[in-house]
Amino acid sequence: MNEPARTHDDIAAEAARLLDGVRASRPLVQVITNLVSMDIAANVLLAAGAAPAMVHAPQESPEFIRKVAALVINTGTLTQAGAEAMEVATIAARTHGVPWVLDPVGVGGTKFRDETILRLLRHRPAIIRGNSSEIIALARIAGLTQEAGGPRGMDNVHSADEAEASARKLARHCLCTVAATGAIDLITDGQRLVRLANGSPLMERVTALGCALSAYSGAFLGLGADPFSASCSALAAYAIAGDMAAEGAKGPASFRTAFIDILFTLSGEDIVQRLRRG
Amino acid sequence: MNEPARTHDDIAAEAARLLDGVRASRPLVQVITNLVSMDIAANVLLAAGAAPAMVHAPQESPEFIRKVAALVINTGTLTQAGAEAMEVATIAARTHGVPWVLDPVGVGGTKFRDETILRLLRHRPAIIRGNSSEIIALARIAGLTQEAGGPRGMDNVHSADEAEASARKLARHCLCTVAATGAIDLITDGQRLVRLANGSPLMERVTALGCALSAYSGAFLGLGADPFSASCSALAAYAIAGDMAAEGAKGPASFRTAFIDILFTLSGEDIVQRLRRG
Amino acid sequence: MNEPARTHDDIAAEAARLLDGVRASRPLVQVITNLVSMDIAANVLLAAGAAPAMVHAPQESPEFIRKVAALVINTGTLTQAGAEAMEVATIAARTHGVPWVLDPVGVGGTKFRDETILRLLRHRPAIIRGNSSEIIALARIAGLTQEAGGPRGMDNVHSADEAEASARKLARHCLCTVAATGAIDLITDGQRLVRLANGSPLMERVTALGCALSAYSGAFLGLGADPFSASCSALAAYAIAGDMAAEGAKGPASFRTAFIDILFTLSGEDIVQRLRRG
Chain S
-3 MNEPARTHDD
7 IAAEAARLLD
17 GVRASRPLVQ
27 VITNLVSMDI
37 AANVLLAAGA
47 APAMVHAPQE
57 SPEFIRKVAA
67 LVINTGTLTQ
77 AGAEAMEVAT
87 IAARTHGVPW
97 VLDPVGVGGT
107 KFRDETILRL
117 LRHRPAIIRG
127 NSSEIIALAR
137 IAGLTQEAGG
147 PRGMDNVHSA
157 DEAEASARKL
167 ARHCLCTVAA
177 TGAIDLITDG
187 QRLVRLANGS
197 PLMERVTALG
207 CALSAYSGAF
217 LGLGADPFSA
227 SCSALAAYAI
237 AGDMAAEGAK
247 GPASFRTAFI
257 DILFTLSGED
267 IVQRLRRG
Chain P
-3 MNEPARTHDD
7 IAAEAARLLD
17 GVRASRPLVQ
27 VITNLVSMDI
37 AANVLLAAGA
47 APAMVHAPQE
57 SPEFIRKVAA
67 LVINTGTLTQ
77 AGAEAMEVAT
87 IAARTHGVPW
97 VLDPVGVGGT
107 KFRDETILRL
117 LRHRPAIIRG
127 NSSEIIALAR
137 IAGLTQEAGG
147 PRGMDNVHSA
157 DEAEASARKL
167 ARHCLCTVAA
177 TGAIDLITDG
187 QRLVRLANGS
197 PLMERVTALG
207 CALSAYSGAF
217 LGLGADPFSA
227 SCSALAAYAI
237 AGDMAAEGAK
247 GPASFRTAFI
257 DILFTLSGED
267 IVQRLRRG
Chain C
-3 MNEPARTHDD
7 IAAEAARLLD
17 GVRASRPLVQ
27 VITNLVSMDI
37 AANVLLAAGA
47 APAMVHAPQE
57 SPEFIRKVAA
67 LVINTGTLTQ
77 AGAEAMEVAT
87 IAARTHGVPW
97 VLDPVGVGGT
107 KFRDETILRL
117 LRHRPAIIRG
127 NSSEIIALAR
137 IAGLTQEAGG
147 PRGMDNVHSA
157 DEAEASARKL
167 ARHCLCTVAA
177 TGAIDLITDG
187 QRLVRLANGS
197 PLMERVTALG
207 CALSAYSGAF
217 LGLGADPFSA
227 SCSALAAYAI
237 AGDMAAEGAK
247 GPASFRTAFI
257 DILFTLSGED
267 IVQRLRRG
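Chains as they are written, first to last, in our numbering: chain S, -3 to 274; chain P, -3 to 274; chain C, -3 to 274.
Because the hints were derived from the structure by calculation, they are not lab data. Heads up, none of these hints are tricks.
Heads up, the list lumps identical chains together, so a pair's fine if it works in one copy or across two of them.
Below, computed lysine to aspartate or glutamate pairings styled on EDC-like, alpha-carbon distance capped at 20 Å:
1) Lys63 with Glu83
2) Lys107 with Glu59
3) Lys107 with Asp151
4) Lys63 with Asp151
5) Lys107 with Glu143
6) Lys246 with Glu200
7) Lys246 with Asp266
8) Lys246 with Glu265
Isolated chain S (complex conformation):
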């Protein structure tokens, strides 16, 4: 368990390798996401070179899951039917050994949301990706901490430092990788822990960019990479694209356009040169 800490160069090299891997193997990623993020999540996956499939009906998931490289579940704009669709899909994923990403949008906000997310958690996500506030709330509702607080509406109001203990406990308890994103992104599998410091404040002004990051992480996971590496790599590439897009942006909408364009052209060299540890 005491492997050497990852260097800047390790992380950058791996991210560059997986970035190319997504383009080369075009992983098919099934995404069950909220109504706000449908367009941007699919466009982020396409720009990355992956193949999105927004398939959610419980009549389809058990059959469709066999064809996909990874599944992404996002609990925004949750409904009863949606919660059932998510449960069917995650059970199917587990049955067929398809790794999946959980994005627990809105956790801590209502009982219905919390109960749904706890039920999904039993089906063993490979990666949990939320903002720092969501990770804090999720660890609490899972009974792992007593820490108060959580998102304000859907917004992040906590730092990576504040989320660290929650993220570690959640990762150990669920035997998965946890990514708590914000100004600093923190990724841990319970043992290893990486902090990354790229990105732009404009990323919080574009709706569903976090949801789309979960989808993007699914593409890296779909390569067969271990979840910790997939998550570090996806977060590094995504935040660096954010840095680059912010350079010429006049506001959130021109930022969004530039961001997706840059995901399409981003190179391993960009990652090596720009990666910042947090």
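We have chain S; now place chains P and C onto it with these hints.
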């Protein structure tokens, strides 16, 4: 009741003040809107500095409503489940004193749409925001006028002048503010009436920009401003951003990008300099 | 049946005429489409000069259909409720003589998808628009061929040549026009057959641009043009706008913005000058 007519300077100064207020207090706005407008409504709220929460499940609204500053209901892409979700949310809003905006998309189009909207109207919106044709159709189905006509599909085919009597009657009957938008925007609380003349014809070529205006109005309403002031201010700021965005646009999509960018950077000074009465 | 082959000039002249026709008569197009394509399908129709109406509730379609010029049905993000809504709408369209476009997204992917699409096929679409892989899969599940293969997820992996026999059989069997799109677009009514070669590889990197093409075809169909001419014209105009948008694009998102802007300004002259046969 006989307060002096509002001057250009009054309206502009108040809009400038509320514009800053949204950025300073970041009101949490719950939005139950149609499937077409999800992305743009959330992005408009984020660009404005507000915090959107697209929460609609009837299992969640009664609990979630306590945290929000305002609620926005939009009846586009209506379903039976959606109609029930809207009714639960508006009842919860009324119970907890949360002011809400009704955007009666498609009113006059079908019986199902009309019956749903009439049911919602009983729960006392603070603002009704529709295009002129929708306001005319809504006043008629509410039994307040005999005026024929309404939208063509979802499109506005009436002027502010044609909608004036309907808007006034609706405002008096519902004890609320009514905003009938179009080339000229008309806002009335039944006594006071303001006409604003900013905006660009390109605004009708971008889907759901009216829906997003209702969401934007919710942010101003969420500051605790009186509904008439909130509505005048939101419409003034929004249409002025439209003027500014049209200046460099090559078509509806570059207009949309510029428009959201400008909502992010718009200043009180822009409003004071550009406001035009209708 | 042996009418002379269409010349380049015939096709371009007709496309130019219908392009203007859409702007002049602003056909109201009812669209029941998947959750990913809502925004872009509506924006494409608005940019083209048509009037989109995203109305899908089974309570509304039988009443609303009487007002519309064409209906578009797209089976992406399918649910049980959605399948029922589509069936109600297509029956209503047939009853009232409203021509409709079927976009069989995901056909061949799951039993549920296939059964739903076969049921819809009985209600006689005027145009079936899919990518080449979807057309191959659809002809097979309709029992017309034994050809293996179909989309990979939602992606096209076949050429126009590979789809030709399937497209012809489908068109003859369903007495409709079939458009199989890809690098080369193929349009046939079973007798006539046209290949068009405009477009850009970036079009596959923007989500739902195929879905939006089906909606765009609905606008041309809504003019009362015969389905084969409507389909040829819509595909020609759309792919030429793709050529033009690709010229200055930096990636999929700036391409999308330019594409919608160009649909707004595209001229008959652009079509005449740029049309390429495949």
